[in-house]
Amino acid sequence: MYRARIFITLKKSVFDTQGQVVRKSLQALNFDDVEDVRMGKYIELQLEAADKAAAEAAVRDMCERLLVNTVIEQYGYEVSEA
Amino acid sequence: MYRARIFITLKKSVFDTQGQVVRKSLQALNFDDVEDVRMGKYIELQLEAADKAAAEAAVRDMCERLLVNTVIEQYGYEVSEA
Amino acid sequence: MIEPKVYREMGLNDVEYAQVMKILGRHPNYTEVGMYAVMWSEHCGYKYSRPVLKLFPTTGPRVLQGPGENAGAVDVGDGMAVVMKIESHNHPSAVEPYEGAATGVGGIVRDIFTMGARPMAALNSLRFGELSDARTRYLFDRAVSGIAGYGNCIGVPSVAGEVYFDDSYEGNPLINAMCLGLVKSDKIARSSASGVGNPVMYVGAKTGRDGIHGATFASVELSDESEERRSPTQVGDPFTEKLLIEATLEALNTGHIVGIQDMGAAGLTCSTTEMAAKGDSGMEVDISLVPRREEGMTPYEVMLSESQERMLLVAAKGHENEVKGIFEKWGLNAVVIGRLTDDGIVRIYDNGELAAEVPAKSLAEDTPVYHMDARIPDYIAQVRRFDKDELPQIEDFEPILELLLRRHNIASKEYIYRQYDHMAQINTVVLPGSDAAVLRLKGTGRGLAVTVDCNSRYCYLDPYIGSAIAVAEAARNVVCSGAEPAAVTDCLNFGNPEKPEIFWQFRQAVEGISAACRAFGVPVISGNVSFYNESQGIAIYPTPAIGVLGVIENIERRCTSFFKNDDDAVVLLGFNGPGLDGSEYLKAAHGRVAGCPSLDLDKEKRLQACCLEAIRSGLLASAHDIAEGGLAVALAESCFNTEGSHGVSVEISSDGLRQDDALFGEAQSRILVSLDPSKLDSLIKLAAEHDVPLMVIGAVGGSNLIIDLDGSKIIDLKIEKIESAWRGSIEEALA
Amino acid sequence: MKFGVVIFPGSNCDCDCRRVVEQVMEQPVDLIWHEADSVDGYDCIILPGGFSYGNYLRAGAIASHSPVMGAVKKAAADGKLVMGICNGFQVLAEAGLLPGVLQRNKNLRFICKFLHLKVEHNKSAFTNACSPGQVLRIPIAHDEGKYYVDTKVLAEMEAKGQVLFRYCDAGGTVSAEANPNGSLGNIAGICNRKGNVMGMMPYPERSAEEILTSADGRLIFESMLRHLRQVWK
Ligand SMILES: Nc1ncnc2c1ncn2[C@@H]1O[C@H](COP(=O)(O)OP(=O)(O)O)[C@@H](O)[C@H]1O
Ligand SMILES: [Mg+2]
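Residue numbers (our numbering), protein chains in the order written: chain H, 141 to 222; chain Y, 141 to 222; chain P, 158 to 892; chain F, 240 to 472.
The shape of chain H in the complex, shown without the other chains (with noise of 0.2 Å):
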C-alpha cells in the first residue's frame, strides 16, 4: 500500500486570482509581509502497487488523465510506503 500526496496549482502563466483575493486578505489583517499567494488543490489517496515505481507512475497517469486540467494546472506529487 502507497500513500500519495498531490499538489495542483495554477501554471504560473496563468492569473492566480483567487491567490491575490486571499493574499490582499492576508494583509488586511497584519500579515503585511505575505507575497504570492497560490491557491491550488491537495489530494491525499491510498493505492496497491507492485512497487514504489509502479505506484509513481499510476500517480502520474491519474493527474494527467483526470486529476488535473493540464491545460491551465501543474502538479506535483510525492509517493512513500503507507
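If you are wondering where the hints come from, they were derived from the structure by calculation, not from laboratory data. Bear in mind that the values here come from a model prediction, so they are computed numbers and not experimental data. Even glycine gets a Cβ: it sits at the ideal position worked out from N, Cα and C. Heads up, some of the hints might be wrong.
As the list claims (entries may be wrong) - Simulated crosslink set (PhoX-like; lysine-lysine; CA at most 25 Å straight-line): (1) Lys152/H <-> Lys181/Y; (2) Lys181/Y <-> Lys151/H; (3) Lys399/F <-> Lys433/F; (4) Lys152/Y <-> Lys391/F.
Claimed, not checked - Per the computed footprint, the stretches of chain Y lying under chain F, defined by three or more beta-carbons under 8 Å from a beta-carbon of chain F, are: (5) 154-162; (6) 207-221.
The hints should help you fit chains Y, P and F with the ligands onto chain H, whose structure is shown.
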C-alpha cells in the same frame, strides 16, 4: 524570505463528498486499487520573517485566523527558506 | 524589415502587407504588424462578412443604436432602453471548456455595461456532439459549469437558452453567450473618444500574456496545431468583473466619461484604435503605465494581450481623479495612460519611446473587404432527394413518442438551467422551461420576453429557409409569452468562409434572416460572426443563433406554455401541412437528415399577430410553439408543468398527411393553445379576423396523454411516466 | 424600523433586499458599505446573498473579516436583529455568529430552484408571523449550502429551538428526497442562542411578491417587523 506550503483537508470525522466522487471516477478509469481519496486545498506563499520559527508561527496564525475553518478542516504546513 | 513568414504567420497576406506599407509609407515594425494582423482578421475586421451583413434591416422606430457599437439598443418605453448582444466563444471553449465558456459570458456582459446599461439577463446558445461520446460529455458539463460559475458570481441571472446535440459539432462545439441590460435612453454610453487633451484611462484587471492573438486564433480552423499556437488560456475572474460592473456604472453616472470601450478581442489595440477612429481623434498612450502582472512584456504583447476584465475610457479633462476614485473604491486599478490628440494617429509609447504609430482609421475602419465566391454545395442536391413515401410506415406510435421525449434535443434542459441562478435581481417572472423567459421592468407594469433559437439541421438542409425559420421560431416563442418582438441579435456560426460552399451557406443565411426580419418588421440591432468552425476540414452545420427581445405592454397578461386548468379547451392555431423534412422524428426513427423545410412568412406573420392579440385580450391560458417533435411532443410538453402537471386528451385526423407526419411533423406556423371553453367563441372570431385556421382538438384533464388519430386511440401514456423520462434524460446520459 | 443592507465586494442581492424592505414592507432602508465601522442606528442588519470576494478560499470567509463585521458583531451583542441570506448566512457562520458551516452541495453543483420550507416554530423574531409547521414556498440558489455542525452542538441547537427552517416537500414532510443539498437534518435556516441572529440559505426576498409566484418570503420580513414593534413598545 521563507516559503510556506500549506495543506488543508477535511477532518476525518467529516464526510468528503468530493473525495468520494473522485475515487469513483478514478475507478471508472480502471484505477481499481485506489482508496481513501481526500480532497483538500493547497496554498503556497512567500513571507518575510525574522527566522524559521517566526515564519512558522505566522503561518499557524494565518491558518487559524483565515485560511482554515477549524470547525471542519485540519491543516499541516512546511516552511523552508526561499 | 519584417520577414514574409512572420506576417503571414500572424495572419496577413502579401497584398495586405503591401497595403500596410502604403498606409504607413514605410515598413511597419513588429508591433505594428501584430496590430494590423489582429485588426484585419475576420474576427475583428469582418473582412469577409461585412458586405453581406449590409443586407440586414437595422432601423425601426424603437432602434436607438443599431450594429456598430458594443451592443445595440432599443426603446422599451418610459424612457428606458434595452441594450442587447450575442457573441461566440467557440474556439477557446473547445480547448478549455470551463474557462472558455466563462470568459464568453464575461465578454458579452462587458459589452452591455460598457453601454451604460446594468446587465439584467444572460442567455446562451450551445451546440455539442452527441452525449454518447465521452469527450463531448466533458465539454458539455464543463461549459455549462463555466457559464454558471461566471454568471452566478456576477449576479446576472441566466434566464434562457438552447442546446442541441449533433455529430456535426463533435470537434467544434459552439458556445454563444447573449446578454441584455437596462439603461435610461438618454444615458446610453458610447465608445467614441473626442476632446483633445482628454485623459485616456485604463481600468480593471492587470495585463498578462493571456490570449495573445486570440482574435486570429478565432480566425483559423481548429487543428492539433492550434494547441501549440495557443498562448496561455484566458481565465475568467468573475469577482473582478462584478466590481467592474459596479464601478463602471457608478463612474458613468458622474457624467464625466466621454467614451468607453471594453477590451475584448485584440485588447488594447482594438480599444485604442476604435475609440480614436470613432471620435475622429488621435490618441497617445504610454504602455509602460499599463498595470501588469507579468514581467518583461514587450509592446507587442501588451498591445495584443486579451486579459479579461479590462476597459479603456476617456474622461473629461479635470475629472480623472474623481473617476479614478470610484474605481479605487471598488478595489480596481485606474490609471491615466495617455491623452487624446486631433491628428487621427494612434501613437504607442513604451517608456517614452515610440513603439507604434498608426492611423486609427486604417486599423479600425478601412479594413480590407473581400467579396468571396459562393457556390452551392453538392450535398444540397443529395439531401433534397427525399421521398417520404419510401419511409416505412410506423405501426406503434407510443414508443416513438417516448423515444422523442428522451432525445437530448427535446428532453428537458433542467439539468442546465438548475445550475444557473435564473432569479437574481428578482425580475424573472417566467422561469426557464417555458417558450421564452419573461422579465418584469420594475415600476412600469411592463415586461420583456427573451429567447434564443436556431434549428441548424434546417439550416443545413436549406440555409435560407432554415435561417428564416430561426427568426420565425424565436419571434413565435416571444409571442407565445405575450410579447411583441422588438429586436433581433444574431450569432452567425459557420465553417471556413474562404470555401465557396461555406460562403454560400453564410450568404443564404443572412438573406433568410433579412427576409424574415423585414417581414416581421423586426430590426437586427447587433450580432457577431464566428467563422472557421471546422475540425478536420469538416464544417459544422450552419448555425445562425437568433436572439429575439419582445416587449410586453401589460405584464399581468404574460403567458406560459403549460396547461393550467382541467377542462380547458385545447386548440391548434395555425397552418397544418407536411413537416417531416429535417424533423427530429426523421433522424431519430429513420436515421435520416433529408428534405427541405418550408416557411410561409405571410402566414407566420398572421399567426403571430393572432396569437399575440389573443394573449393580450386575456383569452389564453397557455400557448406553446410547435417545434421539434411536432404536435405530439408539444402536447406532452404543455402537460409537464412544474407547478402541477395535467393530462390531455385530443382527437385529430391526419387529413391527407401521413399519420407520422400528423403526429411528429414539424410544419411551421403552428401554436398549441389552451383556454377556458367560454372564451372559445372569441378566439374563433379573432382567428377569422386574422385569417388563421383553428382547430379545437380536445381538452385538458386526466392523468394521461391521449391522442386519438383518425378514429383510433394510438397514444395513451401516463403523464408521470413520460414526464420523468423527459426530465431525466440528459442527466442520465451524463451519469 | 430602520434596516441596513450590507454591501461586500461581490454582494449581488443587496438591491433585491433593499427593494423588498422599501417597496414591499414599506420600511426605511440604507445600503451599508463593507468598510463602515459602525451600524448604530439600525434596528436590523441584513447580510445579502451573492459572492462576496468571489467566495474565494471558502464562501463568506474573507467577508467575515471585513471592517463592518466588527460593527455587526457589536450590533448582535446589543440584541439588534441580524439576518444573513445565502452568502450572508455563510458570512455569519464564518464570523462565528452562527454555529456550523456551509459546505458544497452534495451533488457538487449549483442549484437554483423553488422548494418548500417547514417552519419549525413561531417563537422567534424571524418566524412569529408564521404558524408552527407552516410550509413556505421559497427558492434557493447556491453552490455551498450543505449545513454541517457536530452532533453535540446540533443536539443543543435542537433543544434550544435554534433550528428555524427545514427543507420539506409540498406537504410539509421533511424527507431525504426533499433535501436539495445534503444539509444535516434538512436544515435550511438557524438562529443563535439568543435568537437575534438568523441565517438561511433560501431567499425570502425572491418570494415576497405574488408576481414572483410566491409571496411566502414576506412572512419572514413581517416577523422581524412584529418583533421590532414589540421591542419598541
Ligand atoms: N443552454 C440553456 N441555458 C438556459 N436555458 C436553457 C438552455 N437550453 C434550454 N433552456 C431552456 O429550456 C427551455 C426549453 O428550451 P427549447 O427546447 O429550446 O425550447 P423551445 O423549443 O420552446 O425554444 C426554454 O425555457 C429554454 O430557455
Ligand atoms: Mg428552441
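| Hint numbers the structure violates, sorted upward? | Hint check: nothing fails, all pass.
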